[in-house]
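Participant: Given these sequences and hints, build the entire structure.
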Amino acid sequence: MTKDPFQGVGVGLRRPHLAEVAALDQSPVPFWEIAPENVVGQGGRRHRQAMAILERDPVLTHGLSMSLGGFDAWEAEALDNLRAFLKTTRSPWHSEHLCWTSYGGANTMELLPMPFTREAVDHTVERAKRLKGELPVPFLFENVSYYAELGHAEMSEKAFLAEVLEGADCGWLLDINNVYVNSRNHGFDPKEWMEGLPLHRVRQMHIAGHWWDEAEGLVIDTHGAEVVDPVIELFEWVLPRIGRPLPVLLERDNNIPSLAELLAEREKLQAVYDRALAPILTGDGRG
Amino acid sequence: MAERLLALQRTLADLLLDAEGRQAFSEAPEAFAAARGLDAADQQAFVRYRRRLLVYRELVQGALEDPLPDCFPFTHQILDEAGAWTDCVQAFIAARAVQSPYFRDINPTFVAWLAEGGWGKERWPFLLQLAHYEYIELDVLRWPEAPSREGLGDTPGADLRVAFDGAFRNLAYQWRVHESTEEAPVPLEGPAHLVCYRDRDLGFETLEVDPHTSAFLARCLEGQALGEAASGIGLDLPAAQGLLGRLRENGAVLGFS
Chain A
3 MTKDPFQGVG VGLRRPHLAE VAALDQSPVP FWEIAPENVV GQGGRRHRQA MAILERDPVL
63 THGLSMSLGG FDAWEAEALD NLRAFLKTTR SPWHSEHLCW TSYGGANTME LLPMPFTREA
123 VDHTVERAKR LKGELPVPFL FENVSYYAEL GHAEMSEKAF LAEVLEGADC GWLLDINNVY
183 VNSRNHGFDP KEWMEGLPLH RVRQMHIAGH WWDEAEGLVI DTHGAEVVDP VIELFEWVLP
243 RIGRPLPVLL ERDNNIPSLA ELLAEREKLQ AVYDRALAPI LTGDGRG
Chain B
2 MAERLLALQR TLADLLLDAE GRQAFSEAPE AFAAARGLDA ADQQAFVRYR RRLLVYRELV
62 QGALEDPLPD CFPFTHQILD EAGAWTDCVQ AFIAARAVQS PYFRDINPTF VAWLAEGGWG
122 KERWPFLLQL AHYEYIELDV LRWPEAPSRE GLGDTPGADL RVAFDGAFRN LAYQWRVHES
182 TEEAPVPLEG PAHLVCYRDR DLGFETLEVD PHTSAFLARC LEGQALGEAA SGIGLDLPAA
242 QGLLGRLREN GAVLGFS
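Residue numbers (my numbering), protein chains in the order written: chain A, 3 to 289; chain B, 2 to 258.
If you are wondering where the hints come from, they were derived from the structure by calculation, not from laboratory data.
Every residue gets a Cβ at the ideal spot worked out from N, C-alpha and C, and that includes glycine.
Be aware that a few hints might be false.
Unchecked claim - Partial list, derived from the structure: chain A residues whose beta carbon lies under 7 angstroms from chain B:
| no. | residue |
| --- | --- |
| 1 | Gln-44 |
| 2 | Gly-107 |
| 3 | Ala-122 |
Facilitator: Spelled out as structure tokens, the structure:
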């Protein structure tokens, strides 16, 4: 029986590593994650390398600019491209962010915060259901970092997330770094926050580093540094509570280190993953 | 329609993208929100999170600017040395021209915005052409490969048409944009007929040709047969055939049919 590749800690496939990874005989990670927006509709040397890797290795897809909570219509061509890419990569699901990125057709290329309001829940649930219907694979969405509330909040971020997850009946990509970043920036207990949410919906996790902006007194979700110990501790805490093996993606989008350094960090997180899930995998724990 | 949600997003988009967004919002966040139809409670949220919402502005401006210096090194150098780069980028962002979901489209959108709006053309008349040429390298390197075509011959016969590779570009500039260097980024005025293509190793190549050859290649790109294209501009056919043979060897031409 073939082992499910979508378990353990994978790595985001990034441009500086393409040539090195493509030259390997086999994948150094259980799986890669890639943003379709960075690959579709291109050609040339690096594109060939990327496609060779995606053909050889298991991959999960993660979108950047569907503007799930926004108003702009999805272009038919962009949806066609995405569907074709999902078919090519055989990704078992596709994920996006619970945010908006564009307004009036103008793309900001940034993950912008949703207002925590009843109206925004209803709007986002409706958009998520429509997007689900457009995709050939299940759809997950990710909890994002947010630095400010957009407008007067009628509910907590936690309630907003839970209501959209349940209303849209979607899987959850739990970004543990975003939980930590938000807990620091908005002053809440991240464990208490997660305990009240539907962890049974978590299908995938993200873990990443961040940056402390001293001038603003704000933690910024940069994906530009190693994962810090408090985030690793949260990661180890939540895995047994999810209670089953699942794919965890180490994100690194800025200050990208060498492949060897990134793989060393992956190994460290894999050891945490194995330790946290050991009681469950050996039938000795809860779940 | 979720009117309040729409108004909240419109307000934040104005703060993030508009050239005067930072100043107007910083000075009076409440009035900024009120002017966009938000009620008192929402206005107060914009007051409460004033500094943090401005962080979003920095993030958005950074995300939209990020790819430009790498793609347009000499354009960036010239404007940066003149203290005008930030103004240029802010005007570009304020135009809200980036509408594609693809990050890669920021660069060609920048060139299209220069072409449509003419930003800086009075002071830097070469700016659009320099930026266009700088983008061409990325355009050629990343152009999607076409499916292989059958029935193409290797010999450029006079009655045959040319099948160019999709990444082939036949360009004419009024400035010597391909001669810019870090030491002398401002191009000299003068015609430059350039052929750009992706070679067989998938690298970028530029070849300067004379105006006649450029006109000949333009006719070939329009679908004229070699002999017809050459005679139309009085070009020596064997020389044209020699050029096309070399372009085929280099990967710029797929073949002849």
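Participant: With reference to the structure, classify each hint as holding or not holding.
Facilitator: So, going through the hints one by one against the coordinates:
1. Among the interface hints, the one on Gln-44 of chain A holds; its C-beta lies about 5 angstroms from the nearest C-beta in chain B, closer than the 7 angstroms criterion.
2. A cut of 7 angstroms between beta carbons decides the hint on Gly-107 of chain A: the least distance to chain B is about 5 angstroms, and the hint holds.
3. Hint status for Ala-122 of chain A: holds, given a least beta-carbon distance of 5 angstroms to chain B, under 7 angstroms.
Against the hints set out earlier in the document, no violation occurs for any number.
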